[in-house]
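J.: Going line by line, the protein sequences match chains A and B.
Plus 121 on top of the position in the first sequence (first one is 1) and you've got our numbering.
Plus 3 on top of the position in the second sequence (first one is 1) and you've got our numbering.
What the hints contain is simulated information worked out from the structure, not anything from laboratory work.
Beta carbons are placed, not taken as given, at the ideal position from N, Cα and C, and that holds for glycine.
Careful, some of the hints might be misleading.
Below, a sample of chain A positions facing chain B; criterion: calculated Cβ distance under 10 angstroms [to be verified]:
hint, residue
1, 339
2, 340
3, 341
4, 342
5, 343
6, 365
7, 366
8, 367
9, 368
10, 370
11, 372
12, 373
13, 375
14, 377
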Amino acid sequence: MATSTVNQNATLASIIQQRREAILAEWLREMSGATRRSDLMKESELQAQCGQFLDLLARASETGTNAQTAAYEPLREMLMDTSHVRAQKGFTPRETAMFVFSIKRPLFTAIREAHSKDAVAMAEQMWSMTELLDSLGLYTTEAYLKSREEVIRRQQEDMLELSTPVVKLWEGILALPLIGTLDSARTQIVMESLLEAIVQTNSRVAIIDITGVPTVDTVVAQHLLKTVTAARLMGADCIISGVRPQIAQTIVHLGINLLDVTTKATLSDAFGLAMQRAGFSFVRSDKKESKRDN
Amino acid sequence: MAVVSTEATPVATESDIVAVRRLVRETAAKLGFSLVDQTKVVTAASELARNTLIHGNGGEMELITLNGPRVGLRLKFHDHGPGIRDIQLALRDGFTTGSGLGLGLGGAKRLVNEFEIDSQVGQGTTVTVTRWK
Ligand SMILES: Nc1ncnc2c1ncn2[C@@H]1O[C@H](COP(=O)(O)OP(=O)(O)O)[C@@H](O)[C@H]1O
Ligand SMILES: [Mg+2]
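Sequences and hints are given; from them, build the entire structure.
T.: Printed below as a string of structure tokens:
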């Protein structure tokens, strides 16, 4: 019979092509428990992805079942894209990997049906299919993790961008608490916003607090010095606070000249000095203190 | 001198410099460096990594943990950039061919215990520094 000869040397490609619709239907059903997230991805989009995966798999498997070969590149690329999209949409790694793993059962059913007369061929094909799908599943997980790392890195950058507000501490006194890495293009923006705020609020003193800056190297120092000079030209004095002992030592070793710049160990020291410079003085009204005196 | 571990990291982007500082800080802390010594070696690493990126067109850092009679941290910054024509001049405070303060190389030298520059014009530059615990 014609069918049995076809079946005996049925290639994976031909099995997939002949049973495409049945495999697709069962795969989608299989997925509903594992990775189908209709809240995150449209049904039509998922169906299109499954169809594309099957077609790419059929084409690639004509040359063998080694996922590392060039024939599998289009398929790997597609998995890279779908993992990337899933990572951004909020799928879990498990849900993402299950996209690949959940095709096992439908494919095995198809292989079994195609080789109903040849147990050896069937076992061989199932084994190579298992190996192939496992390595594609791992590839998917790796691609997913890479995308997540990318997402996290971007979020961290965004956070750093936001975390440098200029605050008005008192009439005529501004503070810029710097947090995190200071040597990127961001520093320029932060420093400019301080200068703008000095003009807007007509401030006489600006405190730049570097308590949250882990490393002060020559690039950071250069940015600080530039800002102090520019502020001075605009009629405002800068105080740099948060200069911890270890930072003071490294600054000296680097040979950076901060002698013209007022520095303080803590923000509160700097604030006290700033009040003085802005012409304010404090009087302590403390009843307990005066009672003890009596 | 027993080399316990060696690790290579790329120095090709701004964010690689951040990663270099983090790696050096973590390693120095693990070796039991004092806070001051951690800060010194991290700052030296920051200067040299930046030179590798800006002046050397990028390269890599090798981090070597030493655990012989003395515990220490050795950092090797390596690039295939233009090289340094006059090393004495480059080390001089305030000398720069770019737009920096010109304090990085000399500063890094003062922040570590051992300092060595190997540079060939047109071939590249390797700066090796060691800070003992
Ligand atoms: N890896 C390198 N490759 C080529 N030239 C370098 C390298 N490192 C330093 N230099 C040269 O040495 C000079 C001084 O370096 P440095 O003291 O760090 O100051 P800066 O980086 O501010 O210029 C640089 O301007 C540059 O000409
Ligand atoms: Mg430099």
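J.: If a hint holds in the structure, say so; if it does not, say that too.
T.: The hints, checked one at a time:
no.	hint	verdict
1	339	5 angstroms, holds
2	340	6 angstroms, holds
3	341	9 angstroms, holds
4	342	7 angstroms, holds
5	343	5 angstroms, holds
6	365	9 angstroms, holds
7	366	7 angstroms, holds
8	367	4 angstroms, holds
9	368	7 angstroms, holds
10	370	6 angstroms, holds
11	372	9 angstroms, holds
12	373	9 angstroms, holds
13	375	4 angstroms, holds
14	377	6 angstroms, holds
This entry satisfies every hint, going by the numbered hints stated previously.
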